[in-house]
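Peer 1: Got chain A sorted already, so can you dock chain B onto it with the hints?
Same order as they appear, the protein sequences are chains A and B. Going by our numbering, the first sequence opens with residue 771, and the numbers climb by one from there. Going by our numbering, the second sequence opens with residue 3, and the numbers climb by one from there.
Hints may contain errors.
[Claimed, not checked] Result set (SDA-like, lysine to any residue): computed pairs, CA atoms no more than 25 Å apart in a straight line:
1. 101/B with 773/A
2. 5/B with 773/A
3. 101/B with 831/A
Please keep in mind that the hints were generated in silico from the structure rather than gathered at the bench.
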Amino acid sequence: KAGVTQTPRYLIKTRGQQVTLSCSPISGHRSVSWYQQTPGQGLQFLFEYFSETQRNKGNFPGRFSGRQFSNSRSEMNVSTLELGDSALYLCASSLAGSGREETQYFGPGTRLLVL
Amino acid sequence: AQKVTQAQTEISVVEKEDVTLDCVYETRDTTYYLFWYKQPPSGELVFLIRRNSFDEQNEISGRYSWNFQKSTSSFNFTITASQVVDSAVYFCALKTASKLTFGTGTRLQVTL
Numbered sequence: 771k772a773g774v775t776q777t778p779r780y781l782i783k784t785r786g787q788q789v790t791l792s793c794s795p796i797s798g799h800r801s802v803s804w805y806q807q808t809p810g811q812g813l814q815f816l817f818e819y820f821s822e823t824q825r826n827k828g829n830f831p832g833r834f835s836g837r838q839f840s841n842s843r844s845e846m847n848v849s850t851l852e853l854g855d856s857a858l859y860l861c862a863s864s865l866a867g868s869g870r871e872e873t874q875y876f877g878p879g880t881r882l883l884v885l
Numbered sequence: 003a004q005k006v007t008q009a010q011t012e013i014s015v016v017e018k019e020d021v022t023l024d025c026v027y028e029t030r031d032t033t034y035y036l037f038w039y040k041q042p043p044s045g046e047l048v049f050l051i052r053r054n055s056f057d058e059q060n061e062i063s064g065r066y067s068w069n070f071q072k073s074t075s076s077f078n079f080t081i082t083a084s085q086v087v088d089s090a091v092y093f094c095a096l097k098t099a100s101k102l103t104f105g106t107g108t109r110l111q112v113t114l
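For reference, chain A alone in the conformation it holds in the complex (with noise of 0.2 Å):
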């Protein structure tokens, strides 16, 4: 089975920019969770989706918004990039989500920088 694949990889932008980054899960799963992970936060969730709804959020501002497909792909989306958003976003997969017995398991990332 592939795992679970994310895009694109790297990305730069500019204060005030917006961008919107790929998650597509492992097969036969239907949550979808995305995290920010920074030197100074470490890993922190951002919100987590489950048949095309938000099902749980973390304390992220609004700027920070995703959604998910009928297919379970996913997308977040930055809107008005800060330079604080640099960052290794991490998406992760799970069967269903809202078990604690269940294991979420990750992409490699997308790495933005916010010059």
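Peer 2: Using the frame of chain A, we list chain B on its own:
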């Protein structure tokens, strides 16, 4: 509130040494799962193990072993006979009904 503490920020060992990565967690939930992930320089988080709160049996997988002690809220990870390829950042994580919480990670450097 839940929390995962990995007090060791960075560990450096010479190849073939054994090394233990510590993980201490806090949660009020009685049912939870603990995970370890490995993050090599490429960035992808690689799943290593999952353990539920009712199963305190230690686990061994090749050179890797895990020691779960509910009494001390710890879930430590030992690599036996470390190799250069083990160099990575290792994250411990706690999953309850509400969310998955990661520790800050331990960077392991294995040198020749």
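Peer 1: The structure should be examined with respect to each hint, and the outcome stated for every one.
Peer 2: Comparing the hints with the structure gives:
1. 101/B with 773/A: holds (22 Å)
2. 5/B with 773/A: violated (29 Å)
3. 101/B with 831/A: Status holds; Cα separation ~19 Å.
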